[in-house]
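Q: Sequences listed follow chains B and W, in order.
Every letter in the first sequence is one number past the one before it in the working numbering, and letter 26, counting from 1, is 26.
Every letter in the second sequence is one number past the one before it in the working numbering, and letter 34, counting from 1, is 136.
Do not rely on the hints blindly, as some may be mistaken.
Claimed, not checked - Computed far set for chain B versus chain W, every beta-carbon distance over 10 Å:
hint, residue
1, 54
2, 78
3, 85
To be verified - Below, computed lysine-lysine pairings styled on DSS-like, alpha-carbon distance capped at 27 Å:
hint, chain 1, residue 1, chain 2, residue 2
4, B, 46, B, 83
5, W, 159, W, 183
6, B, 46, W, 150
7, W, 183, W, 150
8, W, 176, B, 53
9, B, 67, B, 83
10, W, 142, B, 53
11, B, 67, W, 159
12, B, 83, W, 106
13, W, 104, B, 56
14, B, 83, B, 56
15, B, 83, W, 176
16, W, 176, W, 142
17, B, 83, W, 104
18, W, 106, W, 159
19, B, 53, W, 106
As the list claims (entries may be wrong) - To give a feel for the contact side, a few chain W residues facing chain B, derived at Cβ under 8 Å:
hint, residue
20, 112
21, 132
22, 147
23, 153
24, 155
25, 185
26, 187
27, 188
28, 190
29, 192
30, 194
31, 216
Because the hints were derived from the structure by calculation, they are not lab data.
Beta carbons: idealized from backbone N, C-alpha and C, even for Gly.
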Amino acid sequence: MNGSKRSFGGGGGRGKTGARGAQQGKDGQRRPMFRRRKVCKFCADKIDDINYKDMKLLMPFVPERAKILPRRISGTCALHQRKLRTAIMRARQLALIPYTAE
Amino acid sequence: MKRKYELVYIVSPEATDAQVTDLHTQVDQIAQRLGGTIEKTDNWGRRKLAYEIGPHKEGTYVLETIDGGGELMKEIDRRLKVSDLVIRHLIVRTDEEQSVVDRTRSRRTENVRRRRVARGLPPDRQPGEGQRADVDDDRDDRFDMPEGLDR
Numbered sequence: 001m002n003g004s005k006r007s008f009g010g011g012g013g014r015g016k017t018g019a020r021g022a023q024q025g026k027d028g029q030r031r032p033m034f035r036r037r038k039v040c041k042f043c044a045d046k047i048d049d050i051n052y053k054d055m056k057l058l059m060p061f062v063p064e065r066a067k068i069l070p071r072r073i074s075g076t077c078a079l080h081q082r083k084l085r086t087a088i089m090r091a092r093q094l095a096l097i098p099y100t101a102e
Numbered sequence: 103m104k105r106k107y108e109l110v111y112i113v114s115p116e117a118t119d120a121q122v123t124d125l126h127t128q129v130d131q132i133a134q135r136l137g138g139t140i141e142k143t144d145n146w147g148r149r150k151l152a153y154e155i156g157p158h159k160e161g162t163y164v165l166e167t168i169d170g171g172g173e174l175m176k177e178i179d180r181r182l183k184v185s186d187l188v189i190r191h192l193i194v195r196t197d198e199e200q201s202v203v204d205r206t207r208s209r210r211t212e213n214v215r216r217r218r219v220a221r222g223l224p225p226d227r228q229p230g231e232g233q234r235a236d237v238d239d240d241r242d243d244r245f246d247m248p249e250g251l252d253r
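If we strip away everything but chain B, and leave its shape as in the complex, we get:
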């Protein structure tokens, strides 16, 4: 359990909130970084089936502009992002999710 969680955690090993205090980024940022470690929602909640009919599940990944939320922001793992993408594309065909926001 722990092992898998670590490997799916996004955020480039920034650790848990406040775990590492001040972080010296390569870009010269010296202020303390408090960034929550991102974990794939589907791995954490053990959602195996990403279904195109499940609007409640998909909507958080389609923000206002109706674009698919990138992995680097949501922290979704590659496998689940792929499944999510298919589900969203199917839902779009059925006009459940918009392609664009007008």
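Assemble the complex: chain B is given as a structure, and chain W must be docked to it using the hints.
A: Same frame as chain B, but now just chain W:
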């Protein structure tokens, strides 16, 4: 070759209830003729469309779970394309994905049981025991959508 498919079609909002059921019976007849069965029908009712399809802003959604072969689905696809009442439809094969889901699920419970036995616990979670573990889970920094969004 038996396969499972899901068919969702959007019927024009002008269609009467009788016309919607008529479409369903048409699909059912094709299925029966080509050796398939409709396992489940689910009418979602009238919904607003996320975008306009032609002149339509809303439509009646119907979901059918169909057991049958590829030829059958091809025929249904063709018929729905021709139909004026159906403004959009989608056919998805589900049996393969479902079997993958079932496999991962059973593998996970198996793993949990094996690890519990290795720790000297009974394979299934005891009543009352699960609560502590849940609290543990909550304390962990889990995926948090709103915070992830505003960064």
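Q: State for each hint whether it applies.
A: Hint by hint, here is what the structure shows:
no. : hint           : in the structure
1   : 54             : holds, 13 Å
2   : 78             : holds, 15 Å
3   : 85             : holds, 14 Å
4   : B/46 to B/83   : holds, 14 Å
5   : W/159 to W/183 : holds, 19 Å
6   : B/46 to W/150  : violated, 31 Å
7   : W/183 to W/150 : holds, 21 Å
8   : W/176 to B/53  : holds, 22 Å
9   : B/67 to B/83   : holds, 16 Å
10  : W/142 to B/53  : holds, 15 Å
11  : B/67 to W/159  : holds, 21 Å
12  : B/83 to W/106  : holds, 19 Å
13  : W/104 to B/56  : violated, 31 Å
14  : B/83 to B/56   : holds, 16 Å
15  : B/83 to W/176  : holds, 25 Å
16  : W/176 to W/142 : holds, 19 Å
17  : B/83 to W/104  : holds, 24 Å
18  : W/106 to W/159 : violated, 31 Å
19  : B/53 to W/106  : holds, 16 Å
20  : 112            : holds, 7 Å
21  : 132            : violated, 21 Å
22  : 147            : violated, 14 Å
23  : 153            : holds, 5 Å
24  : 155            : holds, 6 Å
25  : 185            : violated, 16 Å
26  : 187            : violated, 16 Å
27  : 188            : violated, 12 Å
28  : 190            : holds, 6 Å
29  : 192            : holds, 5 Å
30  : 194            : holds, 7 Å
31  : 216            : violated, 13 Å
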